[in-house]
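For this one, chain R is given, so just place chain Z on it according to the hints.
Residue numbers (the numbering used here), protein chains in the order written: chain R, 2 to 450; chain Z, 80 to 542.
No lab work stands behind these hints: they were computed from the structure. As the structure is a computational prediction, the values presented were derived from the model and not from experiment.
For the chain R half of the interface with chain Z, some residues (derived, Cβ under 7 Å), not all of them:
1) Thr191
2) Gly259
3) His377
Pairs of lysine-lysine, DSSO-like flavour, derived with a Cα cap of 27 Å:
4) Lys516(Z) <-> Lys402(Z)
5) Lys338(R) <-> Lys516(Z)
6) Lys337(Z) <-> Lys225(R)
7) Lys338(R) <-> Lys197(Z)
8) Lys125(R) <-> Lys516(Z)
9) Lys125(R) <-> Lys337(Z)
10) Lys402(Z) <-> Lys337(Z)
11) Lys258(R) <-> Lys197(Z)
12) Lys338(R) <-> Lys258(R)
13) Lys337(Z) <-> Lys516(Z)
All C-beta atoms in this analysis are idealised placements derived from N, C-alpha and C, irrespective of residue type, glycine included.
Given next are the chains, with one letter for each unit.
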Amino acid sequence: MAEPGLLEIAERVVGWAGAGFDVEAFVAHEQETEIRAYQGEVESLTVASSMGVGVRVVRDGRQGFAYAAALDDETLRETFDEALDNSRFGSVDEFAGVAEPDGVEPASLDLYRSELVDFPTEDKVALALELERATLAADPRVTGVESADYADSVYEGAVATSRGVTASARETGCYLVAYSLASDDDETQTGFGFSVGRHPGELSAETAGADAADRATRLLGAAKAPTRRLTVVLDPYVTARLLGIVGATLSGDAVLKGRSLFADRMHEAVAAPSLTLVDDATDPDAFTASAIDAEGLATRRVPLINDGVLQAFLYDTYTARRAGVASTGSAVRGGFKGTPGVGAHALRLTPGTRSQPEIVADIDDGLLVQGVTGLHSGVNAVSGDFSVGAEGLRIRDGETAEPIREVTIASTIQRLLMDVTEVGSDLEWLPMSAAGVTLAVADVTMSGS
Amino acid sequence: MLEADLVNRTLAAAMRTGADFAEIFAEDRRSASAILDDGRVEEVVSGRDRGAGIRVVAGDTTGFAHTADLSESGLASAAGAAAAAARRGGGGTRTVAVSALQTPRRLQVRVPPEEVPKDRKVALLTAADAAARSAGGAITQVSARYGDGRRRILVADSDGLFTSDDQVRTLFSVSCVATGDTGMQTGRESAGRTVGFELFDLYDVEEMARRASQRALTKLTARPAPSGEMPVVVGPGGGGVLFHEACGHGLEADLVAKSASVFAGRVGETVAAPMVTLIDDGTMAGEWGHYGIDDEGKPAARNVLISDGVLTDYMWDRLRARKEGRASSGNGRRQSYQHLPMVRMTNTYIDNGDADPGDIVADTSHGVYVAQLGGGQVNTATGDFVFGMTEAYLIENGRITAPIREGNLIGNGPEVLTRIDALGNDFAMGSPGTCGKDGQGVPVGDGTPTLRVTALTVGGTAA
Numbered sequence: 002m003a004e005p006g007l008l009e010i011a012e013r014v015v016g017w018a019g020a021g022f023d024v025e026a027f028v029a030h031e032q033e034t035e036i037r038a039y040q041g042e043v044e045s046l047t048v049a050s051s052m053g054v055g056v057r058v059v060r061d062g063r064q065g066f067a068y069a070a071a072l073d074d075e076t077l078r079e080t081f082d083e084a085l086d087n088s089r090f091g092s093v094d095e096f097a098g099v100a101e102p103d104g105v106e107p108a109s110l111d112l113y114r115s116e117l118v119d120f121p122t123e124d125k126v127a128l129a130l131e132l133e134r135a136t137l138a139a140d141p142r143v144t145g146v147e148s149a150d151y152a153d154s155v156y157e158g159a160v161a162t163s164r165g166v167t168a169s170a171r172e173t174g175c176y177l178v179a180y181s182l183a184s185d186d187d188e189t190q191t192g193f194g195f196s197v198g199r200h201p202g203e204l205s206a207e208t209a210g211a212d213a214a215d216r217a218t219r220l221l222g223a224a225k226a227p228t229r230r231l232t233v234v235l236d237p238y239v240t241a242r243l244l245g246i247v248g249a250t251l252s253g254d255a256v257l258k259g260r261s262l263f264a265d266r267m268h269e270a271v272a273a274p275s276l277t278l279v280d281d282a283t284d285p286d287a288f289t290a291s292a293i294d295a296e297g298l299a300t301r302r303v304p305l306i307n308d309g310v311l312q313a314f315l316y317d318t319y320t321a322r323r324a325g326v327a328s329t330g331s332a333v334r335g336g337f338k339g340t341p342g343v344g345a346h347a348l349r350l351t352p353g354t355r356s357q358p359e360i361v362a363d364i365d366d367g368l369l370v371q372g373v374t375g376l377h378s379g380v381n382a383v384s385g386d387f388s389v390g391a392e393g394l395r396i397r398d399g400e401t402a403e404p405i406r407e408v409t410i411a412s413t414i415q416r417l418l419m420d421v422t423e424v425g426s427d428l429e430w431l432p433m434s435a436a437g438v439t440l441a442v443a444d445v446t447m448s449g450s
Numbered sequence: 080m081l082e083a084d085l086v087n088r089t090l091a092a093a094m095r096t097g098a099d100f101a102e103i104f105a106e107d108r109r110s111a112s113a114i115l116d117d118g119r120v121e122e123v124v125s126g127r128d129r130g131a132g133i134r135v136v137a138g139d140t141t142g143f144a145h146t147a148d149l150s151e152s153g154l155a156s157a158a159g160a161a162a163a164a165a166r167r168g169g170g171g172t173r174t175v176a177v178s179a180l181q182t183p184r185r186l187q188v189r190v191p192p193e194e195v196p197k198d199r200k201v202a203l204l205t206a207a208d209a210a211a212r213s214a215g216g217a218i219t220q221v222s223a224r225y226g227d228g229r230r231r232i233l234v235a236d237s238d239g240l241f242t243s244d245d246q247v248r249t250l251f252s253v254s255c256v257a258t259g260d261t262g263m264q265t266g267r268e269s270a271g272r273t274v275g276f277e278l279f280d281l282y283d284v285e286e287m288a289r290r291a292s293q294r295a296l297t298k299l300t301a302r303p304a305p306s307g308e309m310p311v312v313v314g315p316g317g318g319g320v321l322f323h324e325a326c327g328h329g330l331e332a333d334l335v336a337k338s339a340s341v342f343a344g345r346v347g348e349t350v351a352a353p354m355v356t357l358i359d360d361g362t363m364a365g366e367w368g369h370y371g372i373d374d375e376g377k378p379a380a381r382n383v384l385i386s387d388g389v390l391t392d393y394m395w396d397r398l399r400a401r402k403e404g405r406a407s408s409g410n411g412r413r414q415s416y417q418h419l420p421m422v423r424m425t426n427t428y429i430d431n432g433d434a435d436p437g438d439i440v441a442d443t444s445h446g447v448y449v450a451q452l453g454g455g456q457v458n459t460a461t462g463d464f465v466f467g468m469t470e471a472y473l474i475e476n477g478r479i480t481a482p483i484r485e486g487n488l489i490g491n492g493p494e495v496l497t498r499i500d501a502l503g504n505d506f507a508m509g510s511p512g513t514c515g516k517d518g519q520g521v522p523v524g525d526g527t528p529t530l531r532v533t534a535l536t537v538g539g540t541a542a
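Isolated chain R (complex conformation) (with noise of 0.2 Å):
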């Protein structure tokens, strides 16, 4: 599993720790195939190989980073001392340092597969073709693709510390996303549809393809509805979405510097009983999977909230001693060029037990939410304010009527946490840090005409 080259690396730089001072080397190499088909073309087809390093140094409580996306001798050193230099000037904080081992193994991950390594590039061109393709034969009213995409991504990273903490992991990853453009008289709607997979032979074109053209025609004709209060029913995409902010939320970082709105309801209930959130990058299932965390310690199955009532925290190593207990294994990083913090992996909620239509069977009055937009400019995970722009269809009478665009919904974090009614058993892994599943939320205002 290990690749003996980043981690030699690695170490090579911590060893150049001396007194007084402690330092992490974090190492990642990813090789990028990006593919995009158009009108039965090939539009671009880019392959790109990226490596770099990012040195962590803390000297007397004082931390320092630097980055360099170049692993030869002289860049690791020149980077090694402008991370030292960039120590004097951090503050002191007696909690400060990098991760040492704890005694945790990491679980027995294989996310790596040959299969992608020896995919012929010709392959991966006609998946990309094939999902145009896909995309315009799934309905006549699908008149464009705006994109159809195969990419792919083999990493493989390392990080060591001169406590001792030596890890490194390899994975590949490999996905289709097609955006469709249907169009009825001189309307036209857009969707998206995606596969993804450790290895190309786990992708489905046809599936990718249906949906998109699913998502789009199913809103051609959607108009602007009046303002009302009702029951939304996120589909799991949307619930995902969601998800991540609230694993935000619930971050050691938020809490202790009074950033989170969960800080001081440890063991309170938060949300409806029939919520239970985890966070588990240990599921092979998962995207997202990973045995070791951004700072190299094992990654462990954190459960966050238990039947509605909060349970715990996400902890790095630098949050936990502040905050007096374990790291949970949650330190994430973007890449080399950034230094570690606080997050989730792997969100997941313990799913229910009926589907989505049945669930929408039961809703008199309601919305299926299919898409939002805008999470970045009108969530607010630190207020709670929760405002979102909105497509999907209305629910009448437990059944989806009239497609509905141009409309808001709006709430609090808070609220609709404690306003959920039902969770779906349609769980799903997607492209990002958390599952799908269908998410039923009552009393939520639909802001439109």
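Quick look at chain Z alone, frame taken from chain R:
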């Protein structure tokens, strides 16, 4: 960064399989940042990122490869990969001869950030922290970020282009949390320009911090935002985000070419109220979206997109312009050498109208006044867009009254453009933004005077 001989040999290698066009984009980027949070300078960061992307176009296919290795063999390998990616039948050799490098534009930077000692940068953070907290005990948390970056680029292509640019940007932001009986609220203020450390001759970080803390404190008394359609007045600077989303993206030629824009095929038509003239201008010295040349080597330009309500043109990059047999408008941009260029905005703005901004509010019997916006998103194919309000108030009987909580507003671009019925005479540029498209982020600016939209849907919870 690269010598002409090496550039010629690399381009020739890229053209070897009979391509129509080849291009080298080399980039050397250095950045520095410092972050204060929770009263401590948490991290001081330096970064270096250098490499080249090679693009080869054959027919309708673009091949692209990038490398961090700027040696002859590294470039040759990337050129080979890009050529193979774009390969077509035929072939034959073609020599490429770029002439001498066009003299780099003189840096408009008075104080290069790399020459400023790190402790001076850190001192800005601690000063902002103290100023924000001086607003009182209700300010319970403060974070501040300083960042600077120098991006040197070189572009050479098989048409003989050989040019370069040197772009320096400096950014500062401060965010506060205020806590009261109603929970927590946040306030943010940011400043960024395509300049060096002299940014701080224009901006007082303590004043920025006080404004951010005041914004958070004000919102502690905010009531839930209303819901439904109503008149919306957007303060000076803020409305730029509205135009960026309502029509800016829809005027990007790559989306237009794929019929993924509601503005496709509408050049020459009236698309907005007659008072609206929309301009995208990469030449605005010092502004956040400014540059000397775009990431395809084309000089930045001032492009009028909508003139007195009539759609005059789209924005173009090289690829889309070539298909239409016209020139690029200097809007070909990319996040880094690891990305393909595409059509992007620069500084997008609406010029002054002649109304007194006070009269615009006084003339509005009821509605919402948005003082600060927080980004947005658009579906260019349908025209539906959202933008967030991070500081907003009710307008009651022609007066700005109670603060309201955060939320999105939603509208449809073509409809909203025709519903603008007042433009103030108080033009201002808005906050520095990062525009995201197809996974790539680039710095953009925008600006407007105070303006009113007769009806927009406010996405609150109150009746």
